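Engineer: Protein chains in written order, with the numbering used here: chain A, 1 to 422; chain B, 1 to 284; chain C, 1 to 269.
Since the hints were derived computationally from the structure, they do not count as laboratory data. Each hint should be verified, as a subset may be incorrect.
[Stated by the list, open to error] Here are the simulated DSS-like pairs of lysine-lysine, each with C-alpha atoms no more than 25 Å apart in a straight line: (1) C:Lys2 with B:Lys195; (2) A:Lys216 with B:Lys52; (3) A:Lys414 with A:Lys219; (4) A:Lys153 with A:Lys173; (5) A:Lys245 with B:Lys195; (6) A:Lys414 with B:Lys62; (7) A:Lys52 with A:Lys360; (8) B:Lys94 with C:Lys124.
None of the values given here were measured: they were computed from a predicted structure.
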Amino acid sequence: MFLFVSVYLISCSSNERRSNSKIILWSSNNTEEIEYARYIVNEWNKNNPEEKVSFQPVPEGQSSEEIILAAVVGKTTPDIYSNMWEGDVEAYAQAGVLVALDTLDGFMELLHERCDNSAIEEVTSPDGHIYQIPWKINPIMLIYNSNIVEQLKLSNPPATYSEFFAAAKEFQKDSDNDGYIDHWFGYAEVLVTWWQRFFDFYPLYLAASDGAPLIKNNKAAFNNEAARKVFEFLRELYKNSYFPKERLSARQDVFLDGVIATRFTGPWEISHTEKFKPSGFKYDFSFMPVPDNHKGPVYTYGDPKNIVIFKTCPNPNLAWKILKFALSDKNDLKFLEITNQLPRRKNLDIDPLYADYFKKNPKMKIFAEQSKYVKGTDQSPVLKEVFDLISQEYEACVIYGVKTPEEALNDAEKAVNLLFLK
Amino acid sequence: MKKKITPYLLVSPYIIHFLVFVAFPVGFSIYLTFNDWNIISPMEFIGLGNYKRLFNDPIFWKSLSNTLIFLLIHIPLQIIVALFLAEMLNQKIKFRGFFRAAFFLPVIVSGVVVTILWQQLYGFDTGLLNRLLVKLGLIKIGWLTDPSWAMPSIAVMATWKNVGLYTVLFLVGLQTVPPQYYEAADLEGATHFQKFFRITLPMINPTIFMVVVLSTIGGFSLFIEPYVMTGGGPLNSTISAVLYIYKQGFFYYHMGYATTLGLFFALLILSVVMIQKKFVEKDK
Amino acid sequence: MKKLILYISLTTGAILFLYPFIWMVSASLAPESEIGNLIFLPSQISFGSYFQMFDKIPIGKAFVNSMIVACAVTFGVLVFGSMVGYALSRLEFKGRNLIFYIVIFTMTLPFQITLIPQYILIVKFGWVDSYAALIVPYLMNALAIIMFRQYFKTIPQDLIDAARIDGCGELRIIFGILWPNSIPALVTVAMITFMASWNEVLWPLIVIRDENLMTMPQLVTLFAVGGRAESQLGVKLAAATMLALPIIIAYTFFQKYFIQSMASSGIKE
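Work out the full structure: start from the sequences and follow the hints.
Structural biologist: Here's what the structure looks like:
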C-alpha cells in the first residue's frame, strides 16, 4: 500500500513541475532573497509571457545542501539553483550534473563584464570549464566596538597580530573577581565543525597569505608559513584567555553587551546590531588582522554563493537568458537594496550606480572595498573533508594546545593527502 | 497438491526480503569495498585503495580504540551494578514491582532523551554535576570537554540507561538458583559473601555470558550518544566506529570507503563475540 | 536493620533512575530563566517552551510519522514472523533447515555491514524520503521468527489437525488458531518490535531528509544537535519530553509486559 502511494506521489510531483513554466528556479530560504527572487521572476514574466519562469524556495530539510544532493540523486533537480555554496560545485561538476556555462552563448562576455579576473579564475574548474556564476559574497571582516577601542586609547582598530595582542591584554578583565576572566577582546566559537573555520582560521589564512589556496593539484598546499602564523596567533589568543574557551552562544548577545569587543563576522551582522544595539553603542568594521610584517591589501574569505544550471534543464540557453537579466547592473543594485548582500560584481565601490546605496548604508562601504580582495574556496570535490581534517588539527593545536602549529599542519597535510590516495 | 507448495508460499516473502535486504547488500558490500563511489558519479574501480586507506587512517583506529575504552568501562560497570541491584531485588521486599519498574524506565526511553538529559548533567558551566562540585568547593571537571573524561562519561551514561534490562535478566537468573544450595550453605555457616561467590556466580554464569555479549554488541553499535553529545570530539576521543562510518558515508559520501570500514568492523565484531564465547563461557 | 539499609539503597537507586525524567518534565514546564537553577518543581507552570517548540519544528507530524512506521512495522513483523515461524515449526518441507540457519545467520550479522548497501538500494528504488524506506527493510525480524517458532512448537498438534479437517487453509490456521493461543508470544514480539521501531534513529537519519517525513526521535535529535534550539534549553527539553511521553505512558500501563518481553528476548539470544 505504502509502496504504491509513495511511487504515485513521486511521479505526481515531477509532472506538476513543468505544467506552467519553462524554467524552474530554486532560491534560498532567506526572506529577503525570496523577495528578490520574486521580483526578478515577476519582472521577467511581465516582459516574456511566452517563456515563463517560476520559483520556489529550496525545500526545508536538515540543510539545503542535503536537499540538493537528494534532488540530484532522485533526479528532481530544478533548472536553476541560485544559492549553491562555491565549495559544493566541483563535486557536482565532476558528477556531470551541471551545465558547463562557458559553452553557452554570451556567457564569457557577461562574465568578463561583471567579474574581475581573479574571481573568474577562482570559479574555473580543473577541467577548464566553468560550472558556476559568481553571484554574491559576504566578506568576513572584523567588527569592533568603537567605544571600547576609544577607551583603550587606540588610534585605529588593531590591524596586526601584535596590535591585536596588545589591545586584548589591555581589555581583558575579571570584573566580578571570581577568579575567572569574564571580558574578552574577541570571540570565535570553539566548535570543531568544519564550517566554523570559515569564521576564524580561513579568513585569517587568506589575509596572511594574500589569498593562497588550501589545495592545489590534488595535494595539500596549506602547510606554509602563513598557516603556521595563523595557528600560532589563534593559539596564543586562547592560551592567554584573550578569547574565551567556553561557548558563550547560550547567553545574550555578548558583543552588544560589551563582554567582547570584536568578532570576525560578515555584513549580516549589521541589521542584527542595528536592531538590538543599546543606546550609545558605536561599532564599525575593519580588515582582518595580519602578521606584523604583512604588506599590501588584506584578503579575506567571501562566503561566495553561486548560481548553477542543472543538466536536467530542458532549455539551458533560456535559463541563461534569464540569469543574464537577473545579473544586469540594475538588478544587481536591486539585489543589494533588498538583501543588503554584495553581488559579486567588480568596481562596486566606485561605480556611480551604487553610490547612492552606499551613502545610505555607510557601514557597507568597507565591504565593497574589501570585495576587491576576496577569495572563495578551491575547486575540489573533497573540500568539506579537507576543512574537517584541518579543523581536527586546529582543535588539537589551537584550542587544546597539545600540538605545535608545525606538528598540527604536518598532520593535517598528511591526512589531506591521504584523501587523494587511490 | 496444495499442501506441498504452501510452506514455500509462506516463506517466500521472507526469502525475497532476505535476498533483497540481506544477501544482496552483503555481496554488494564486498564488491563496493573495491570501488570509489559517491552515488552521483559513476563507480570507479580502485582495487585495494580503500583497504590501503583504512590501514593508514588514524581516525578509524582511534574510533576502534574509543570503542574499546567504552566497552572496558561499560561492561564491568554494567555487570557489577546490575548484579548488585538484582541481588537486592531478589530479597524478600515489598514494592519489588515498583523498584524494578523504576530501574527499567531508562531502558525503554529513547537514547536521544537520555543523551539530552545527561548533557544537562555534564555541562561544563551550568551542568548539575559541576555546580555541585563548585558548591562543595571543588573544581569543575570537563566531563565532555576533556579528552580523558569524555568517553568514560558516555560509558557511565550508557550504563545508567541499560542497567535496568540487565538487572531484570540477572533477577531471572538468580531466581533459577535452587534454594536448597543456599540452605545447605547456611547450615555450614557460610557468610553472605561466600554464598555469593561460591554458589550464585557459578550458577548464573550463562546469564553473565549473555549480559557480556549483549553489552558488547550494544557497545559496538554506539552512535546516537556521541552524535548528540559531542559530535565525536573532543580531539576525537568519543568518535565511535559507527559514527565514523556514518560520517564517511553520509557526510562525505565516500560510499566505497565507508562500506570498507563497515565490513572490517562487522568482521571485528563477529570475531570478538566468538572469542567471548570461547573464554567467558568456558571459564567459570 | 539490614532491611532498612536495603530499602534505603533501593529507594536511592529508584531516585537515581527516576529523578532525571521528573526533572525533564518539570524543566520543560518552567519559565526559561528558572531552568538553570531548577531542582524539583518550578514556581509557576509555563507552556512557553512547548509553544515555541510547536512553532519551530513539526513535532506533531513527526509523532504521526513515528506512529505510522512503528505500527506498520509491528504489524508486518507479527504477520510475516508468524508465517515463517509456523512453516519452520509445523510444516515439513525441503530446505526447512536451510531457512532456519539463514534466520540465525541474519541475527548474528552486524548491521554495520548492510547499512550502506541498504541505503543504496533505497536510493535506487527511489524510496528516499518515503515511508517505504522506513518500513520495508524492517518487515522481517529474525528474533520474531525464532520466538514464534519456539512458541508454536508448544501448541498441541490436535488443534491444528482439527482445523485442517474443518477445511481451514494454512493462513486461517495461523491467524485463526495459533494467534489466539499465542497471546504471550504476540504481545512480546509486538512490544519489542514497536519499541525498537519507535526509538530507531540511525536509519531515519540516513534515508529521510525531508522534515515532514522525519520520525520523532530523528526530529528531536536534529533539533538538539542542530542550531535551531541552540540556546533555548527549555524548548529542547520540551521536545525530549514529547519524545519520551508516549513510551512512558504505554509503560505505566503495560509495564509488566514490557519487562517480561525484553527479558525473554534477552534469554532467547
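Engineer: A separate judgement is required for each hint: does it hold in the structure or not?
Structural biologist: Here's how the hints hold up against the structure:
no.: 1; hint: C:Lys2 with B:Lys195; result: holds, 17 Å
no.: 2; hint: A:Lys216 with B:Lys52; result: holds, 23 Å
no.: 3; hint: A:Lys414 with A:Lys219; result: holds, 10 Å
no.: 4; hint: A:Lys153 with A:Lys173; result: holds, 17 Å
no.: 5; hint: A:Lys245 with B:Lys195; result: violated, 53 Å
no.: 6; hint: A:Lys414 with B:Lys62; result: holds, 16 Å
no.: 7; hint: A:Lys52 with A:Lys360; result: violated, 35 Å
no.: 8; hint: B:Lys94 with C:Lys124; result: violated, 57 Å
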